[in-house]
Amino acid sequence: MDLLEYQAKELFRTVGIPVLPSQRIDRPKDLRNLTIPYPVVLKSQVYIGGRGRMGGVRFVENTIDAVAAAQTIFNLPIMGEYPKALLAEAKFDAVQEFYLAVTLNRSIRRPVLLGSCKGGMEVQSAIDQMQQVVVDGDFSPFYARQLALKMGLQGDLMNAVSAVIEKMYWLMDDKDLDLVEINPLAVDSAGQIMALDGKVTVNDGSLGRHPDLASLSESPIINPLDLQPELQMTMETDGTIGIICNGAGLTMATLDLVYQMGGKPLCFLNIGSETHHQWLPSTLCQRLEQGLARMGQQSQLKVILINLVGGIVSCQEIAQTLVQFLQAHTRNMRTYSRGQEESIVSRVVFTPQIIVRLVGKDYEAAKETLSGTSIVLLEDLDESIRELMSRVKRSKS
Amino acid sequence: MIFPPTSQVIIQGITEPLGMTYAPLMKAYGTHIVAGVSPGAGGGTVAGIPIYDMVEQIPAISRGISTTVICTHPYAALDAALEAIRAGIRQIILISQGIPPLDMVHLVRQAEATETLVVGPNGPGVIVPGQISLGIHPPDFYMPGNVGLITRNGPLTYEIARTLTRAGIGQSIGVSIGCDAIVGSTFPQWLQILEEDDQTEVIVLVGEIGGDSEERAAHYISEAIDKPVIAYIAGHTAPRNRRIGHAGAIIESRTFDFGPDIGTAESKVAAFKRAGVPVAERPSQIPDLVHKLLKRSPSNLQAS
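So the protein sequences, as listed, match chains V and C. According to the numbering used here, the first sequence is numbered sequentially starting from 610. According to the numbering used here, the second sequence is numbered sequentially starting from 85.
Be careful, since some hints might not be right.
Here chain C is said to cover these stretches of chain V; the calculated rule only asks that three of the stretch's residues, wherever they fall, bring their Cβ under 8 Å from a Cβ of chain C [said to hold, decoys possible]: (1) 848 to 856; (2) 887 to 895; (3) 965 to 977.
Pairs of lysine to any residue residues, derived as SDA-like cross-links and limited to a Cα-Cα distance of at most 25 Å, are as follows [what the hints assert, rightly or not]: (4) K911(V) with A131(C); (5) K1002(V) with R366(C); (6) K1002(V) with V796(V); (7) K970(V) with A131(C); (8) K784(V) with D163(C); (9) K376(C) with P228(C).
No lab work stands behind these hints, which were simulated from the structure alone. Being a predicted model, the structure only gives us computed values, none of them experimental. In this text, a Cβ means the ideal position worked out from N, Cα and C, and glycines have one as well.
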């Protein structure tokens, strides 16, 4: 979860990273109660970067100008995103700008400190000059001094900048952040430093232990850790095939096989969660049912391929879930035909055909269970993809 | 093998649904589960396994417990692992998903300092077919043999184990290093373990898009591994920048030391090909590639 600039700066303020006096503006008339003396900077509060170049940052000298500028910024989308609020901030005369960041390097499994003596809007020059320090052992401020020295800083400035880096590190550590970035960290002619912009990304999986940060989220947190992860269906723009698998790896491998055979999936869904601490054998069948209901809403779908390598969940349990699902989606319908009396027939109202590929315990029993239904059961993965493709071809003709 | 069948094993988080489900299955496979740990549930039992509030209370601790399988709430997993290390346990299998990345950084530092092997998190753990189950691998899909199977996923691992087993090719071990972005042990570490393992003749490595684990594995193979390796990569056609489930499978290059192409299937396949590692196009192709390499390997030549 990304924080807006003003939220990031509130965190900075609590840990003593220097930020300018500022005030959040929710509507232009809030500017009448501005407590910061003019001139001030008005900044669009959007999640996306690059607002400065697009007119999302304006300097104003008085209330009349400020209200007009605020109206303009509120109505100016940045890459399609309208501001949630504005931040009114005191002006700062920078003579030098640095880039600083603290993040995790997944590959070496260590936090890294990043710094460039060329910060600001020119991203490429910041990257060209980027210095890095890997926090190999338990953190201590010397890592921050190492980075400041590598950036070419000396004397008081070196100490001041490394103090900011140290605070950024502790903030990341304390709040489970994926990224803390200050760009620019500005220096004025008196040698005073100031974080002029801030970007903070909170680790989504850790929000459960940071209620203060979770409350900043625009939408309620959808995945409290005590519940199974919510099903997230991925949609393509085109196609007639739906794919349901358990596990991300198996989902990706199945997608690859379908594409290799010339298939076009419209949507796919990973219903796996077998490493969740609340997982029970019944979880897989529940999620299968939810997944089918979700896919049933896609009117374009012709065939659904279900590929489950369930481990300890037997083929029979999965087959029974499928039968129950179809029964729940069967309606009694009146039919009228000429010369005959009105009659009632049962019809399955779930339209996509289902091919299910299962392996493991009780395969024969599952076959028996599904024998009276329209569902095709197969054991071999390649064969089930071939069956899928032949059904897709038939559904076109 | 580093997980002998005589290993004394405990399960931390044994009263979580995950622990309750798999404790009896591990025990039924023959794994010596000597105790479960669950704060507040001390004195109870699960499937005949005694539960303690703390690791240090387990009587067998004095005779040496080699391994713990952790099924706790993800926010309790770091604490459980540190408690196990403190009690002298040097093999930690983390099953639970959702452990915060910074908790893993802390655990990796402690594990390195104490020479503790950490497997996972967010993976099925380890199985040595016919001998010991340390996690949630479905034993029916495995049989004893000479292929070392290393992956970083769950059900796809079982798919490939089953494909090998049905082709008559057994496995010396099945291990998933876990699906998360930060895991306790890496592909190079496992390649080295299998290089030194007498049971293993061929290594099958199953990777997927995202991160640079496969690129690093390929580099390590060309530098240090003499045994034949076969690779398979999932995710050639997965949409970029969209989430399928594994945090590690999102292709991104935010940190500056990742080039733009690292993490894609093409980059991984190219890295393995440069290292002389054959790459299977689909799971069903893997048994043929293993057969070819087994025929060529020196131990087989001596036998024939």
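Hint by hint, here is what the structure shows:
Coverage of the segment 848 to 856 of chain V by chain C holds in this model, with 3 residues showing a Cβ closer than 8 Å to a Cβ of that chain against a need of three. Against chain C, the segment 887 to 895 of chain V contributes 4 residues with a C-beta closer than 8 Å to a partner C-beta. That satisfies the three-residue criterion, and the hint holds. Coverage of a stretch by a chain is defined here by at least three residues with a beta carbon nearer than 8 Å to that chain's beta carbons; for the segment 965 to 977 of chain V and chain C the count is 3, and the condition holds. Restraint check for K911(V) and A131(C): not satisfied, since their Cα atoms lie roughly 46 Å apart, outside the 25 Å limit.
Restraint check: the Cα-Cα separation between K1002(V) and R366(C) comes to about 23 Å, which is no more than 25 Å; the hinted pair holds. Between K1002(V) and V796(V) the alpha-carbon distance is near 67 Å, which puts this suggested pair outside the 25 Å criterion. Distance restraint check for K970(V) and A131(C): the Cα-Cα separation of roughly 22 Å lies within the 25 Å cut-off, and the hinted pair is therefore satisfied. Of the pairs offered as hints, the one joining K784(V) and D163(C) holds, with about 17 Å between alpha carbons and a cut-off of 25 Å not exceeded.
Distance hint between K376(C) and P228(C) is fulfilled; the C-alpha atoms sit about 19 Å from each other, no more than 25 Å.
Hints 4 and 6, counting from the list given before, are not met by this structure.
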